[in-house]
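Residue numbers (the working numbering): 5 to 132.
None of these hints come from the bench; they were simulated from the model.
Note that the Cβ used here is the ideal one computed from N, Cα and C, for glycine as well.
Please note that a few of the clues may not be correct.
[Said to hold, decoys possible] Just the calculated beta-carbon pair ranges, DEER-fashion: (1) Leu58 - Arg113: 36 to 46 Å; (2) His120 - Ile6: 33 to 43 Å; (3) Gln18 - Ala114: 14 to 24 Å; (4) Glu57 - Trp130: 37 to 47 Å; (5) Glu127 - Gly56: 14 to 24 Å.
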Amino acid sequence: MITYRIGNDLDLDQVIELYVASTLGERRPVDDRGRMEAMLRNANLVVTAWDGELLVGIARSLTDFSYATYLSDLAVRVSHQRMGIGKELIRITKREGGQARIILLAAPRAVDYYPHIGFTRHESAWIL
């Protein structure tokens, strides 16, 4: 039974281990504890998924709760993928974000996932 929680008061080691176990750690500074701690602490909407005491998923966002929610990290442990956990993390993020639209940059491996769950591609995004 997967349960979901809201909040960023999490054990940093559990979060880092999840990032590595989900493959998102390949694209995040998991070896820089200070930066990972700041990323977690400064996110103002964090939704997690738990299988008992095991952290199996996270959606880490920045939002104004009105117009835009930037979903900066969506990670689900490889062993728990294809169970609807990512979709539920996004559903809860959307609910908690009020009227805000969810905006994200897809990881290369996830490009085909997001259209499958209702996202549309936006061709004019920019990164500096």
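Using the C-beta atoms of His120 and Ile6, is the stated range 33 to 43 Å upheld?
violated, 20 Å
Determine whether the Cβ-Cβ distance between Glu127 and Gly56 falls within the hinted range of 14 to 24 Å.
At 42 Å between Cβs, range violated.
Using the beta carbons of Leu58 and Arg113, state whether their distance is inside 36 to 46 Å or not.
For Leu58 and Arg113 the Cβ distance comes to about 22 Å; the hint is violated.
When you take the CB atoms of Glu57 and Trp130, is the distance between them in 37 to 47 Å?
holds, 41 Å
Consistency of beta-carbon spacing, Ala114 to Gln18, with hint 14 to 24 Å
For Ala114 against Gln18, whose Cβ atoms are near 22 Å apart, the range 14 to 24 Å holds.
Hints 1, 2 and 5 from the list above are not met by this structure, while the remaining hints are.
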